[in-house]
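Asks: For reference, the chains in residue letters:
Protein chains: 4
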Amino acid sequence: MRVSQASLKIGELATGQDLTLPIFSIKAENVSAPSVYIQANVHGAEVQGNAVIYQLMQLLEGYTLCGDITLVPLANPLGINQKSGEFTLGRFDPITGVNWNREYLDHNIDIAAWYQEHLALSDGELIAAFRSSLLEFCQQRLNSEWGITTGHQQAVILQSMAHRADIVIDLHTGPKSCKHLYCPEYDANAASYFSIPYTLLIPNDFGGAMDESVFYPWWQLSEYIKSKGRDMPIPVSAFTLELGSQENIHLEDAEVDAKGILAYLSERGVIAEKVKPEKMPRYACYLKDYKKYHSPLGGMVEYLAEVGEPLPAGKPLVNILRLDLYGSEKALTSLKLQQDCVPILHFASASVYQGTELYKVMTNVFEI
Amino acid sequence: MRVSQASLKIGELATGQDLTLPIFSIKAENVSAPSVYIQANVHGAEVQGNAVIYQLMQLLEGYTLCGDITLVPLANPLGINQKSGEFTLGRFDPITGVNWNREYLDHNIDIAAWYQEHLALSDGELIAAFRSSLLEFCQQRLNSEWGITTGHQQAVILQSMAHRADIVIDLHTGPKSCKHLYCPEYDANAASYFSIPYTLLIPNDFGGAMDESVFYPWWQLSEYIKSKGRDMPIPVSAFTLELGSQENIHLEDAEVDAKGILAYLSERGVIAEKVKPEKMPRYACYLKDYKKYHSPLGGMVEYLAEVGEPLPAGKPLVNILRLDLYGSEKALTSLKLQQDCVPILHFASASVYQGTELYKVMTNVFEI
Amino acid sequence: MRVSQASLKIGELATGQDLTLPIFSIKAENVSAPSVYIQANVHGAEVQGNAVIYQLMQLLEGYTLCGDITLVPLANPLGINQKSGEFTLGRFDPITGVNWNREYLDHNIDIAAWYQEHLALSDGELIAAFRSSLLEFCQQRLNSEWGITTGHQQAVILQSMAHRADIVIDLHTGPKSCKHLYCPEYDANAASYFSIPYTLLIPNDFGGAMDESVFYPWWQLSEYIKSKGRDMPIPVSAFTLELGSQENIHLEDAEVDAKGILAYLSERGVIAEKVKPEKMPRYACYLKDYKKYHSPLGGMVEYLAEVGEPLPAGKPLVNILRLDLYGSEKALTSLKLQQDCVPILHFASASVYQGTELYKVMTNVFEI
Amino acid sequence: MRVSQASLKIGELATGQDLTLPIFSIKAENVSAPSVYIQANVHGAEVQGNAVIYQLMQLLEGYTLCGDITLVPLANPLGINQKSGEFTLGRFDPITGVNWNREYLDHNIDIAAWYQEHLALSDGELIAAFRSSLLEFCQQRLNSEWGITTGHQQAVILQSMAHRADIVIDLHTGPKSCKHLYCPEYDANAASYFSIPYTLLIPNDFGGAMDESVFYPWWQLSEYIKSKGRDMPIPVSAFTLELGSQENIHLEDAEVDAKGILAYLSERGVIAEKVKPEKMPRYACYLKDYKKYHSPLGGMVEYLAEVGEPLPAGKPLVNILRLDLYGSEKALTSLKLQQDCVPILHFASASVYQGTELYKVMTNVFEI
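Chains as they are written, first to last, in the numbering used here: chain A, 1 to 368; chain B, 1 to 368; chain C, 1 to 368; chain D, 1 to 368.
With the rest of the complex left out, here is chain A (with noise of 0.2 Å):
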């Protein structure tokens, strides 16, 4: 097996210099199965899916592959060079405040002109036709006579590569934060086979990441043809994987959860060799029952629910210190919620305005 390497330039600085992507290849020998695109760092803090990239290509060198695999670790230039203070601002273009995941291409393709024209196809020969006209729409949008922002030529390169893919993979991380995974209703299954404790299952639709970017149009084609009386599974399966806490790197806690993609491969077989998902147990929330909880005042924060740990109604999530009101019972306010829940991230800051998001919190959790 052999890995090559390619630069992509997806912008262009003000001092002139491109901004590039390196991208890594690895071809099956016989494909025989789905093909796959892996990306890391959209956000410039979360750092982690480069090590978890790092590790599965070399545990890759022991397998036999069976499709073909594209990783584009390092995805965001502009957002991973763009420090203020001591920490990395990559959550959103400096520029705009637009956050760097939410800048994919909506298609808003008019499915039922497309299947019209489409309709005599074989299920094969459709599944081509919509890729393609997928990638279509998106290089009609990089060559928009008014051009295309800055983050938005970024995403929409990245997406194009996606788009190419059957099972896409965008590594990401929360601010603190355990380990969990986006995966579309659909798909419920695939959350059996990554090395991830908690599971947000969303709904087939277009918020704006990555991963809803690509299997969107495709559950929208399903739909409406299944509307029409003609049955044909979703082709593409695309995930966000939410690897820990950000500015954060950790080679050994990377292989874990390269592991855990590895076994999701040998399930769908892009690898010919048999690999076991880890034993743990794994649990799910609706993504209607997974709830931002916002600070109700402002203060200095002792975190003290922790991360993946199951919470009970009424016990504290943080104590606020308000040294200003020192001397009356406000000086330090424990704040709790009034139903269980898992704490699965918290703010990264331990101090708060009031109304900064405090943790974000599954609730009516099951397990899967």
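The hints are simulated quantities; they were obtained by calculation from the structure and are not laboratory data. None of the values given here were measured: they were computed from a predicted structure. Incorrect hints may have been included.
Here are the simulated SDA-like pairs of lysine to any residue, each with C-alpha atoms no more than 25 Å apart in a straight line [what the hints assert, rightly or not]:
#, chain 1, residue 1, chain 2, residue 2
1, C, K336, D, W146
2, B, K9, D, Y326
3, C, K288, D, Q140
4, A, K9, B, L335
5, B, K27, D, Y326
6, C, K292, D, L135
7, C, K9, A, G327
8, D, K292, C, N108
9, C, K9, B, L8
10, C, K27, C, A272
11, C, K9, D, T333
12, C, K291, C, I368
13, A, K292, B, Q139
14, B, K315, B, K279
15, A, K291, A, F366
16, B, K330, D, L251
17, B, K228, B, S133
18, C, K226, C, D166
19, D, K336, C, D18
20, C, K315, D, N143
21, D, K292, C, I157
22, B, K330, D, K291
23, C, K259, A, L325
24, A, K226, A, A112
25, C, K330, A, E145
26, B, K9, A, L8
27, B, K330, D, L8
28, C, K330, D, K9
29, D, K291, C, P316
30, B, K288, A, E145
31, B, K330, A, G327
32, B, K9, C, D18
33, D, K315, B, E255
We have chain A already, so just place chains B, C and D on it with the hints.
Replies: Quick look at chains B, C and D alone, frame taken from chain A:
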């Protein structure tokens, strides 16, 4: 006439200090005209609206008020006080990246159901009931069990004040900009009163800004009951005035715009005296013809096209200087458009990435 | 014992709102011991000192005070409230880039001339006169005809409060750090009382920080009059305590450090009761042996060396992951030092430019 | 004449990409005159120097070169590409806050010892030896065992290039500024050649900027050997040209400044042809009379005093608008100076904290 001042808390900082707004109220002795709400500086660097409010309050001393006026300058204390280098980083929340002017509540009202409950009411009662509902939805949002983000809380508090008024004016500026007005299509004649040469006629739709958040539910209601055979004009007016460039205070020019607002208020009967609008040519285009032009390359920018001056097709917008390409013909590139336009604003910095929004231009401009 | 609270204005924001500090004062009934000044959070992200002040005020309820104590938590409201992304950008003035802890006044006193004027005074009178002079210089700086910068004004107001005290404690933290103490060489024995394992013995010099700004003029005076044959011990003590990592509030750990401060205050007679210092091994090195290690290359960083744990020569500090070099031996580089050290702190982010300060390490460490 | 271009690596980004500078060299056929080094854009937003280098390179095509010229535009790629909101945050390192123009090496040479070793040399040999020593010190700094910071590395690489030249010109701009020149007192007559109306005569001292880092060691050497009875004029000249306002590219104006530089180079024999300096009144003051005026209050700022225009005592610099104080006389405050001055530059933003540097003004101005 007496201006009364109050302070409204709209948040808390990490140190515990309150974020507050100054609110000025001027009450009519006998109310016979619409009430007015004017705010400024929701984007931190767009300070000129404060000067306009200052001049307007001074001018109003000389007139007879027939409707109540509420004025909220410095409407975004967090954004105004957030410096980054020598400039104000006040366009978006520094934590989330969300544009401060996209935080208003989309009520998402089920108009059919609401009207079903209220159809027996007279027009006056219907308006009062609908206003109450809007305020109630805002209040529910502010009291959400899971809290509310810093920016959303600030916006919905402002929006609640705006919902109480019949005329809403939101004072903004562009980056480097000529004066222009966002005016909903249903209210197009209002554009003849302000001291503003260029008008964008916007659809009667929710795009997320203050003006839209105010008029859109009323437009929905009006359309719906028209479909039921009942005719009721939209009882609120809402505009965004773009007062030129950001990071600029100019008191004399502020008086010009204060007089324009006065002319509009006079037309609406809010002041008893007749104030004539400034005589000036006024132009407009539809929002769909308002184009963003993104730089096709990175580099240093010489802005050539004057804002507010018609630019024939083929005349250069900018020169892009690329010293890294000195010696080639790409060292200096003139960028041109293929169609006539009026440049309305351009980017604030003289260096750009590929994809930076260089200019916004009006096309298909017509006199009004 | 009664804690009284006041609010001190130290600046004004662009919106006109005051920047204020909460100040807590605890008065001794009969003063027989030195007075104390403790401040925290001069760097915006270094919040744990507030928790220590909170715990210390609570603990002090149980002791008999023989000297007055002034406590100023949240000492830099501008820095504390300045977020950039999810973190607090509180290390330097966002406009000027000046480190908030390098804004203190260097008095630049002509000691010879000053002493010439005051040599007839007794030791007690001399100390009082010198203190008055220091306060007067601060006041002159604050009243400068040409104004004074935002950061300098804040710092000199804090410094004035510190000059009034005999013992000054400035509470900081590192980025990712173990606890350590900055202690002037002339006061080295104080290091045995705080609950802090590592001490940096700093020269009796002005480097710009609060502690130095307080003790340095006294040390100059003491040295000068010694050269004139008069012996007077330095009557003030000033320390910087680094309480671990920034962006962290931990109340239990804060109690440990509050008790360490209490032990020092007990030793100095500020509280009547005997409080023993924690029994723990304590180590030190001279400031000249405190080394900053800068990354020789850019890349993703896995921090391997634990802060506070001795690291033998040749053991890796970090791995630098360079995915762009995958396939070469440079894809993963271990960085090592040629000498034994104790890593005290490391950079907060997991990605670095070439030249980023990766670690600060103590070398030539000895037990104290 | 042929311009040759090279690319110099001066750092590495977190993604692994090189930070590089474009370097242009123009060689004299027969060297009979001093060599020249010109750099631009060390502060990221100060872009106009690039346009001046562009125009200068074009103009030089028409002249006979008698000394080598090295030109380095875009000298700070990290700073130039660092946007924060719509502006370039390029004044200081975003991680450390250190001003990019205060990173140059202070050689701290023991001149007496150095001269003791070299006193037998002829003037020409002495100059060559001292230059070698300066370069060697730079090299040692770059090779430091503990590494070197990102900004220091960039600066010392630039400084090494500058040390190789006899004439050094550093192109900057102010925030909102008229053109002015930093000129060392020993070289005051040079001020008559550039197209610049205002000159600051700076002491022959190290303040941290490029120009000072270049001439200061030579001035030290010259002074020292003069004290030993040996007279040798300072063999290097170094200037900082402030080309107006930041965030501005203006090619026509750049040509004016390029011609001023050409006039100086002509005077120095670097070009064979005679180029006359622009006829214009030129004024100067000493650096001690260059005053920074800080805002005594926070608020919105209307800048009234034009930069480059003499301002009599008692005339207003600015109006500070304080809407929170509407109704009181403090709603609008005019700030004035008690002495005549020439405002040279003012702050870039229209809102300030208390203590923000509002204006820099020359006092005690004289014609030169």
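Asks: Does each hint fit the structure? Answer for all of them.
Replies: The hints, checked one at a time:
1. Distance restraint check for K336 of chain C and W146 of chain D: the Cα-Cα separation of roughly 11 Å lies within the 25 Å cut-off, and the hinted pair is therefore satisfied.
2. Proposed proximity of K9 of chain B and Y326 of chain D is supported: the alpha carbons are some 19 Å apart, at most 25 Å.
3. The straight-line distance between the Cα atoms of K288 of chain C and Q140 of chain D is roughly 19 Å, inside the 25 Å bound, and the hint therefore holds.
4. At most 25 Å may separate the alpha-carbon atoms for a hinted pair to count; K9 of chain A and L335 of chain B meet this at roughly 22 Å.
5. For the hint linking K27 of chain B to Y326 of chain D, the alpha-carbon distance of about 17 Å falls within 25 Å, and the restraint holds.
6. For the given pair, K292 of chain C sits about 24 Å from L135 of chain D by alpha-carbon distance, which is consistent with the 25 Å threshold.
7. Straight-line distance between C-alpha atoms of K9 of chain C and G327 of chain A comes to about 21 Å, which keeps the hinted pair within the 25 Å bound.
8. For a cut-off of 25 Å, the pair hint linking K292 of chain D to N108 of chain C stands: about 21 Å separates their Cα positions.
9. Pair hint K9 of chain C plus L8 of chain B holds up; C-alpha atoms about 21 Å apart against a cutoff of 25 Å.
10. For the hint pairing K27 of chain C with A272 of chain C, the CA-to-CA distance comes to about 14 Å; that is within 25 Å, so the pair holds.
11. In summary, the hint linking K9 of chain C to T333 of chain D is supported, as the alpha carbons are separated by about 20 Å, within the 25 Å threshold.
12. Our distance criterion of 25 Å between C-alpha atoms is met by K291 of chain C and I368 of chain C, whose separation comes to about 20 Å.
13. In summary, the hint linking K292 of chain A to Q139 of chain B is supported, as the alpha carbons are separated by about 19 Å, within the 25 Å threshold.
14. For the hint pairing K315 of chain B with K279 of chain B, the CA-to-CA distance comes to about 30 Å; that exceeds 25 Å, so the pair is violated.
15. A hinted pair counts as satisfied when its Cα atoms are at most 25 Å apart, and K291 of chain A with F366 of chain A qualifies at roughly 15 Å.
16. About 16 Å separates the Cα atoms of K330 of chain B and L251 of chain D, which keeps this hinted pair within 25 Å; it holds.
17. At most 25 Å may separate the alpha-carbon atoms for a hinted pair to count; K228 of chain B and S133 of chain B meet this at roughly 21 Å.
18. Taking the CA atoms of K226 of chain C and D166 of chain C, the gap is about 21 Å. The hint holds against a cut of 25 Å.
19. Using a Cα cut-off of 25 Å, the hinted pair K336 of chain D and D18 of chain C holds, with the two alpha carbons roughly 23 Å apart.
20. Between K315 of chain C and N143 of chain D the alpha-carbon distance is near 22 Å, which keeps this suggested pair within the 25 Å criterion.
21. Distance check on the hinted pair: K292 of chain D and I157 of chain C sit about 20 Å apart at the alpha-carbon level, within 25 Å; holds.
22. A threshold of 25 Å between alpha carbons decides the hint, and for K330 of chain B with K291 of chain D the separation of about 43 Å lies outside it, so the pair is violated.
23. The hinted pair formed by K259 of chain C and L325 of chain A meets the criterion: a straight-line CA distance of about 22 Å does not exceed 25 Å.
24. Note on K226 of chain A and A112 of chain A: the hinted pairing holds, with a Cα-Cα distance of about 12 Å set against a maximum of 25 Å.
25. About 42 Å separates the Cα atoms of K330 of chain C and E145 of chain A, which puts this hinted pair outside 25 Å; it is violated.
26. This hinted pair does not check out: K9 of chain B and L8 of chain A have alpha carbons roughly 50 Å apart, beyond 25 Å.
27. Pair hint K330 of chain B plus L8 of chain D holds up; C-alpha atoms about 21 Å apart against a cutoff of 25 Å.
28. For the hint pairing K330 of chain C with K9 of chain D, the CA-to-CA distance comes to about 18 Å; that is within 25 Å, so the pair holds.
29. Taking the CA atoms of K291 of chain D and P316 of chain C, the gap is about 51 Å. The hint is violated against a cut of 25 Å.
30. At most 25 Å may separate the alpha-carbon atoms for a hinted pair to count; K288 of chain B and E145 of chain A meet this at roughly 15 Å.
31. Proposed proximity of K330 of chain B and G327 of chain A is contradicted: the alpha carbons are some 68 Å apart, above 25 Å.
32. Among the hinted pairs, K9 of chain B with D18 of chain C is consistent with the structure: their alpha-carbon atoms are about 15 Å apart, no more than 25 Å.
33. A C-alpha spacing of about 22 Å is found between K315 of chain D and E255 of chain B, which places the hinted pair at or below 25 Å, so the restraint holds.
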